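Asker: Given the coordinates of chain A, work out where chain B should sit on it, guided by the hints.
Protein chains in written order, with our numbering: chain A, 1 to 215; chain B, 216 to 506.
No lab work stands behind these hints, which were simulated from the structure alone. The structure displayed is predicted, hence computed values, not measured ones. There could be a bad hint or two in this list.
[To be verified] Computed list of lysine to aspartate or glutamate pairs in EDC-like fashion (alpha-carbon distance at most 16 Å, straight line):
1. B:K309 / B:D325
2. A:K3 / B:E303
3. B:K309 / B:E332
4. A:K213 / B:E298
5. A:K213 / B:D300
6. B:K270 / B:D221
7. A:K213 / B:D228
8. B:K292 / B:E243
9. B:K492 / B:D409
[As the list claims (entries may be wrong)] Where chain A lies over chain B, by a calculated footprint (3+ residues, C-beta under 8 Å):
10. 257 to 268
11. 282 to 288
12. 291 to 297
13. 315 to 327
[What the hints assert, rightly or not] Residues of chain B clear of chain A, computed beta-carbon distances all greater than 12 Å:
14. Q241
15. S338
16. G348
17. Y384
18. N402
19. T404
20. V405
21. G407
22. I429
23. H465
24. K479
25. A481
26. Q484
Note that beta-carbon positions come from the ideal geometry of N, C-alpha and C, so glycine has one too.
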Amino acid sequence: MAKWAAWYMAVMVALYILLMLFIDDSGINGMSFFFMASGANRVFMLVAGILTVFVFLERAIQLGLTRMTFMRAVLWTGVIFTVTLALVAGIISLILGVMPWFGTQTTASGMGGPVSMVLGHLLAAYLFYLAGFIISIGFYRGWFGGLIAIVLGVGIAVAIESLWTFRTEGVLFELNMISGASGNIFLTVVFSGLLILFTIALIQSLIRSLPIKIK
Amino acid sequence: MSSMVDLTNASLDIKKNTILEDVTLQLETGRIYGLIGQEGAGKTSLLSLIASYRKPTKGAVQIDGRDPYEDKALMAKVRFVHEVDYTETHHTPKYLSRVTERYRPAFDSDYALTMLEGLGIDSDKALNRMSKGQQAAVNAIFGLAANAPITIFDEVTNIMEATLREQFYKMAIEANAHYPRTMIFSNHTVSGMDHLFDEIIILDESRVILQEPIDRFLERGFRVSGAKEKVVRFTDGMNVLSTHASGSIHSVVVLGSLDEADRKTAKEQHLYIEPLKVQELFTILTATKEG
Chain A
1 MAKWAAWYMA
11 VMVALYILLM
21 LFIDDSGING
31 MSFFFMASGA
41 NRVFMLVAGI
51 LTVFVFLERA
61 IQLGLTRMTF
71 MRAVLWTGVI
81 FTVTLALVAG
91 IISLILGVMP
101 WFGTQTTASG
111 MGGPVSMVLG
121 HLLAAYLFYL
131 AGFIISIGFY
141 RGWFGGLIAI
151 VLGVGIAVAI
161 ESLWTFRTEG
171 VLFELNMISG
181 ASGNIFLTVV
191 FSGLLILFTI
201 ALIQSLIRSL
211 PIKIK
Chain B
216 MSSMVDLTNA
226 SLDIKKNTIL
236 EDVTLQLETG
246 RIYGLIGQEG
256 AGKTSLLSLI
266 ASYRKPTKGA
276 VQIDGRDPYE
286 DKALMAKVRF
296 VHEVDYTETH
306 HTPKYLSRVT
316 ERYRPAFDSD
326 YALTMLEGLG
336 IDSDKALNRM
346 SKGQQAAVNA
356 IFGLAANAPI
366 TIFDEVTNIM
376 EATLREQFYK
386 MAIEANAHYP
396 RTMIFSNHTV
406 SGMDHLFDEI
416 IILDESRVIL
426 QEPIDRFLER
436 GFRVSGAKEK
446 VVRFTDGMNV
456 LSTHASGSIH
466 SVVVLGSLDE
476 ADRKTAKEQH
486 LYIEPLKVQE
496 LFTILTATKE
506 G
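In isolation and in its complexed conformation, chain A is listed as follows (with noise of 0.2 Å):
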């Protein structure tokens, strides 16, 4: 997963780069590496999350390992990649930013500020990760299972969007909760973490009964 997160953040910074020397518009123009990566980073972890049942499972087994020592790694490995994805954009970000062609707003006007941003976009990420997980182990099942699985990741992602999206503005729904937002963070963290805590609860009583299938 390592080797898939560095392609990632390399094609992220070359396609950053083309658009910043490139493109002439001050939206774009004015944007941070991180604000672009923020977005595109929840996508990567949805697809990590989706990889990860068909990728490892089977050879965690076959290594001795429980389903459930599979599910606590393959959780660590969400959070230990979505803080180091947003620490290597932040990084980048800083970089790129004491250039002159590059731009460094780090939220989008009428959004909270920088510290929300970052929080936000971690919570977001860890549970788009999860979400793929889910979808992950439902299709593992069967295509029935699967798709059981997709909406059920899907309302985990528009859940936590929904939570986020007064100060982030959604990525995949875009949905205007402004009007409706209570925009006081602590809530919205702690909404946050008693949705993450009940994803991982679904996720564990999935994965317990899971079958392992041999081609």
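Answerer: Showing chain B alone in chain A's frame:
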């Protein structure tokens, strides 16, 4: 000797299909078992229950008297070697041995790499660049090197070349002598594997129809050859399954066992008695059951 693996009336249903029905088995440490069954008989599913890949729908699977499903200590005791697709594996056996060592403390990396060298396989070559036979050999050798108390090989030797396969069987016997474990070889054909087994288990149409030591199993049938009249007289009243004539030599396959008096008579009449091969007996027994 203690019973390491116990299956008691274990059944497995997948969707609406019955894959295994009422399977009862006892497997002991230090013995090599041959699990034979036709394609689709349920061999892999049975092994999946032992390896905790699946949970039985009914009945129980126990290792050391406990349910191994999601039991950290017991699942680590099983190494289930089955066909693995290495087409996307860019790693070398050397790298994989380092990774395996991390998760399986009993894994003997030096042994694995030495055995691979003995088979003429380059441990620094990426797996996806090896032939299918070599990939299967790496998979099988890693299974042996895991030194797991329960080691299962499910049709892994089928795509190995004959020489590689023979060498591997020799290594398996040596490995089991060096580090006694419960070893299971599963296949739909066991030609050339007879010498490996201490016990035979036959799975037919989702059920275990037989589990017995190899010597007792081989007593279930024999081939008698000699002059036609003498063979016909000798086998009169026996359960003759097939007859084959080659020149003046008449050869007959009989289902059943011989006592000492029969053997003495055969010797006096210059009849040649030979045991049937495991594969022959398996084919006969499953065909007889169907008939």
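Asker: Indicate, hint by hint, whether the structure satisfies it.
Answerer: For each hint, the structure was consulted:
1. B:K309 / B:D325: 10 Å, holds
2. A:K3 / B:E303: 15 Å, holds
3. B:K309 / B:E332: 11 Å, holds
4. A:K213 / B:E298: Roughly 12 Å between the alpha carbons, so the hint for K213 (chain A) and E298 (chain B) holds.
5. A:K213 / B:D300: Roughly 13 Å separates the two Cα atoms, so the pair holds.
6. B:K270 / B:D221: 14 Å, holds
7. A:K213 / B:D228: Answer holds: K213 (chain A) to D228 (chain B) is near 14 Å, not above 16 Å.
8. B:K292 / B:E243: Judged against 16 Å, a Cα distance of about 14 Å means the pair holds.
9. B:K492 / B:D409: Between K492 (chain B) and D409 (chain B) the Cα gap is close to 7 Å, so the pair holds against 16 Å.
10. 257 to 268: holds (count 5)
11. 282 to 288: holds (count 3)
12. 291 to 297: holds (count 6)
13. 315 to 327: Check passed, 3 qualifying residues.
14. Q241: The assertion about Q241 (chain B) holds, with a minimum of 23 Å to chain A.
15. S338: 19 Å, holds
16. G348: 18 Å, holds
17. Y384: Y384 (chain B) clear of chain A: closest Cβ-Cβ about 22 Å, beyond 12 Å.
18. N402: At roughly 15 Å from the nearest Cβ of chain A, N402 (chain B) sits farther out than 12 Å, so the non-interface label holds.
19. T404: 19 Å, holds
20. V405: 20 Å, holds
21. G407: Non-interface label on G407 (chain B) holds, nearest chain A Cβ at 24 Å vs cutoff 12 Å.
22. I429: Given a closest Cβ separation of 27 Å, the condition holds.
23. H465: 46 Å, holds
24. K479: 51 Å, holds
25. A481: Nearest chain A Cβ is 47 Å from A481 (chain B), so the label holds.
26. Q484: Holds: least Cβ distance 52 Å, greater than 12 Å.
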